[in-house]
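Chemist: One-letter residues, chain by chain:
Protein chains: 2
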Amino acid sequence: MSISKRIEKIQAGLRRKKIDAILITEPHNRRYLSGYSAPDHDIGESSGALLIPARRSPLLFTDFRFKIQAESEVDGLEVMLYTKGLLPLLQQLLPELEVSTLAFESHYTLHSVFEKMQTMAEKFSITLAPMDGLVEKMRVIKDGTEIDKIRRSVLLNEEVFQEIYTTITPGQTEIDIALAVEATMRKKGAESPSFDTITATGKRSALPHAVPGLVRIKKNKPLMIDMGLILDGYCSDMTRTFVPKKASKKYLKIHRLVRKAQLAATKAIRAGISAAAIDKIARDIITDGGYGKHFGHALGHGVGLAVHEEPRLSSRNRKFLRAGMVVTVEPGIYLPGWGGIRLENMVVVRKDDCEVLNQDTTWLDI
Amino acid sequence: MSISKRIEKIQAGLRRKKIDAILITEPHNRRYLSGYSAPDHDIGESSGALLIPARRSPLLFTDFRFKIQAESEVDGLEVMLYTKGLLPLLQQLLPELEVSTLAFESHYTLHSVFEKMQTMAEKFSITLAPMDGLVEKMRVIKDGTEIDKIRRSVLLNEEVFQEIYTTITPGQTEIDIALAVEATMRKKGAESPSFDTITATGKRSALPHAVPGLVRIKKNKPLMIDMGLILDGYCSDMTRTFVPKKASKKYLKIHRLVRKAQLAATKAIRAGISAAAIDKIARDIITDGGYGKHFGHALGHGVGLAVHEEPRLSSRNRKFLRAGMVVTVEPGIYLPGWGGIRLENMVVVRKDDCEVLNQDTTWLDI
Numbered sequence: 073m074s075i076s077k078r079i080e081k082i083q084a085g086l087r088r089k090k091i092d093a094i095l096i097t098e099p100h101n102r103r104y105l106s107g108y109s110a111p112d113h114d115i116g117e118s119s120g121a122l123l124i125p126a127r128r129s130p131l132l133f134t135d136f137r138f139k140i141q142a143e144s145e146v147d148g149l150e151v152m153l154y155t156k157g158l159l160p161l162l163q164q165l166l167p168e169l170e171v172s173t174l175a176f177e178s179h180y181t182l183h184s185v186f187e188k189m190q191t192m193a194e195k196f197s198i199t200l201a202p203m204d205g206l207v208e209k210m211r212v213i214k215d216g217t218e219i220d221k222i223r224r225s226v227l228l229n230e231e232v233f234q235e236i237y238t239t240i241t242p243g244q245t246e247i248d249i250a251l252a253v254e255a256t257m258r259k260k261g262a263e264s265p266s267f268d269t270i271t272a273t274g275k276r277s278a279l280p281h282a283v284p285g286l287v288r289i290k291k292n293k294p295l296m297i298d299m300g301l302i303l304d305g306y307c308s309d310m311t312r313t314f315v316p317k318k319a320s321k322k323y324l325k326i327h328r329l330v331r332k333a334q335l336a337a338t339k340a341i342r343a344g345i346s347a348a349a350i351d352k353i354a355r356d357i358i359t360d361g362g363y364g365k366h367f368g369h370a371l372g373h374g375v376g377l378a379v380h381e382e383p384r385l386s387s388r389n390r391k392f393l394r395a396g397m398v399v400t401v402e403p404g405i406y407l408p409g410w411g412g413i414r415l416e417n418m419v420v421v422r423k424d425d426c427e428v429l430n431q432d433t434t435w436l437d438i
Numbered sequence: 073m074s075i076s077k078r079i080e081k082i083q084a085g086l087r088r089k090k091i092d093a094i095l096i097t098e099p100h101n102r103r104y105l106s107g108y109s110a111p112d113h114d115i116g117e118s119s120g121a122l123l124i125p126a127r128r129s130p131l132l133f134t135d136f137r138f139k140i141q142a143e144s145e146v147d148g149l150e151v152m153l154y155t156k157g158l159l160p161l162l163q164q165l166l167p168e169l170e171v172s173t174l175a176f177e178s179h180y181t182l183h184s185v186f187e188k189m190q191t192m193a194e195k196f197s198i199t200l201a202p203m204d205g206l207v208e209k210m211r212v213i214k215d216g217t218e219i220d221k222i223r224r225s226v227l228l229n230e231e232v233f234q235e236i237y238t239t240i241t242p243g244q245t246e247i248d249i250a251l252a253v254e255a256t257m258r259k260k261g262a263e264s265p266s267f268d269t270i271t272a273t274g275k276r277s278a279l280p281h282a283v284p285g286l287v288r289i290k291k292n293k294p295l296m297i298d299m300g301l302i303l304d305g306y307c308s309d310m311t312r313t314f315v316p317k318k319a320s321k322k323y324l325k326i327h328r329l330v331r332k333a334q335l336a337a338t339k340a341i342r343a344g345i346s347a348a349a350i351d352k353i354a355r356d357i358i359t360d361g362g363y364g365k366h367f368g369h370a371l372g373h374g375v376g377l378a379v380h381e382e383p384r385l386s387s388r389n390r391k392f393l394r395a396g397m398v399v400t401v402e403p404g405i406y407l408p409g410w411g412g413i414r415l416e417n418m419v420v421v422r423k424d425d426c427e428v429l430n431q432d433t434t435w436l437d438i
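Sequences listed follow chains A and B, in order.
Positions 73 to 438 (my numbering) are the ones given, in order, by the first sequence.
Positions 73 to 438 (my numbering) are the ones given, in order, by the second sequence.
For reference, chain A alone in the conformation it holds in the complex (with noise of 0.2 Å):
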């Protein structure tokens, strides 16, 4: 769906609810919806906001800054920019496009900002409705052009992960090995990670959200790698673990489990299915396997601009997947004191099945 598809929809959705424009401020909703790709430094120093008013074209506000960026970006789209902030070019401006009621992005205002545009609605008049997750819920189904995207982003993401995994030997720390990875990922052009890379090597890769630390590789113990990266404005999320040297059984045995709950679980997605029933295939096999209570993490989650978006693969939605939707698989079994052991591919959702976009298959089937 081109750009300004999204805006007619999101414009046709603001009539039928009798809302003369909404607001987005979150970073990755105002790029979709207008391709300006600034991120945000963090929701108290915003890059600029977008305002889409019910019947007439969309104005991008940002200032000074990232005016060149922002005008090179969108496309039929007028950029204006503030000097003095937001609000006060808001105050100006909604009067004149005759808006009495405004739709705001309630989660991703501060409860301070929103303090401060009452008092300005007020002023004028205006009524302020809040919405959570109106263009979250249209990313959420991807089209071609968006899984073409994700698809080269996941493939860059191996490319860099291969040129990381070949050159591993145990004098290196996992902070050597998250930045070379990190370093690589910016040489072959990625934006920036999609997140922190994770290295962990033995007993700490027990813990699902380690920091690297100066500490050396052990090569007889698991070592995990969780590492993505953003291309053309989408993520990849992939995690991959092994043993530089030598696998010992009791590895191989928790390895080959969470690889059957993980091919279990992908065999199983289509559209129509819920996500709890996905993770549930993954969750029983682990089970059954004697390791139910060490996978304490849901299967998986929704990839886009977004690492992390909706659908959640988790026991607790009970929503069907949707043709179009992408989402990791993700597995893993965590002993304390032993290590741990993720295996993360991500999938398109498809009418009957879905396609596995991950291409690398290193230590997956050992």
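These are computed hints drawn from the structure, not numbers from a lab.
Heads up, some of the hints might be wrong.
If several chains are the same, the list does not tell them apart, and a pair holds so long as it fits within one copy or across any two.
[What the hints assert, rightly or not] Below, in silico cross-link-like pairs of lysine-lysine (DSS-like), each with a Cα-Cα straight-line distance of 25 Å or less:
1) K90 with K221
2) K156 with K391
3) K322 with K293
4) K423 with K209
5) K291 with K318
6) K90 with K352
7) K139 with K89
8) K290 with K77
9) K275 with K423
10) K332 with K365
Based on these hints, arrange chain B on the given structure of chain A.
Modeler: Chain B only, in chain A's frame:
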């Protein structure tokens, strides 16, 4: 001031305002008041919250991922884990703790989260009191221990800069240098960079927030490096601009003007002078030199647990500096199509003067 003294100060303030407890969610404030150092992945993915009741000891809430870290870092604080998120736990605890007025950090609470808190609060007849900057106001004055930590952060940052500076060659790209900077930081024990390293060559140095690119260093053009790291929680922030080979006369002239502005402003910094007055001293020198409109940002900002905090050294900040504040002094001149020069040091405000924390003199007085 020890953490327990900080807590006592907050509690005394709560009692004065007849507030029963405050919920601290902003990660730097959380660390300042507990020692718990996990950052938030982003505002929607919290690593925990600190509840400070007015009349009993604080509670740190987090989830199982951070249990070990939290318990080892906090001293004398109870750590409680939530499994279904923070709100269900609060819903159970607040009535037990007889909290009828609960303050929260308005500037680090999403509107969507506030709405859920509001629903819970109404159910239990709790009044919510938005607060903004309560802890930040305490953080703005650093004690000796904090200044010592900042000093070590500054010196380690300079050590990293020197290691990279001596190896810069024109064949490298901006990205090569930025990656080397960040890798060296982590290898030398920094927690992380305090912001994305800026390395900008040639006319790209005219963009104050340039993102490093696959652009080769130009040997006779300005190279700007703006870098900082986090050590033991505290940030550093330093900019040096230089020419790898031979600087032009124009370069030397502008560089000396920037340095003159920096020195004059630094000389004037002391407790009791307004932030705006300091900004003006530097700005007047650059304006007199003919480049006033090319110094498009404020002169400096506070640095501590956050790399950008109060006070801003800007023309709009009429507040007086106070002893124990730590600020950057970073005038810059940016000429579109030519390049930019910014020089940045950090200083501690003292009663009658200030102390420059930087020892590095690379390309300052040329």
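Chemist: Have a look at K291 and K318 and pick one of within, between, both or neither, based on CA distance no larger than 25 Å.
Modeler: within (7 Å within a copy, 49 Å between copies)
Chemist: Measure nothing new, just compare the shortest in-copy and cross-copy C-alpha distances for K90 and K352 to 25 Å and report within, between, both or neither.
Modeler: So K90 and K352 fail the 25 Å test inside a copy (41 Å) and across (49 Å) alike.
Chemist: At most 25 Å between C-alpha atoms: does K156 with K391 qualify within a copy, between copies, both, or neither?
Modeler: between (44 Å within a copy, 19 Å between copies)
Chemist: With identical chains, the pair K423 and K209 could be close in the same copy or across copies; at 25 Å between alpha carbons, which is it: within, between, both, or neither?
Modeler: within (19 Å within a copy, 56 Å between copies)
Chemist: Could you place K290 and K77 in one of the four classes (within, between, both, neither) given a Cα distance threshold of 25 Å?
Modeler: neither (52 Å within a copy, 43 Å between copies)
Chemist: How would you classify K322 and K293 at a CA-CA limit of 25 Å: within, between, both, or neither?
Modeler: within (11 Å within a copy, 59 Å between copies)
Chemist: At most 25 Å between alpha carbons: which applies to K332 and K365, within, between, both or neither?
Modeler: within (17 Å within a copy, 65 Å between copies)
Chemist: At most 25 Å between alpha carbons: which applies to K275 and K423, within, between, both or neither?
Modeler: neither (40 Å within a copy, 51 Å between copies)
Chemist: When Cα atoms must be at most 25 Å apart, do K90 and K221 count as within-copy, between-copy, both, or neither?
Modeler: Answer is neither: 35 Å inside a copy and 55 Å across each miss the 25 Å cutoff.
Chemist: If the cut is 25 Å between Cα atoms, do K139 and K89 qualify within a copy, between copies, both or neither?
Modeler: For K139 and K89, the Cα distance exceeds 25 Å both inside one copy (33 Å) and across copies (44 Å).
Comparing the model with each numbered hint stated earlier shows that hints 1, 6, 7, 8, 9 do not hold.
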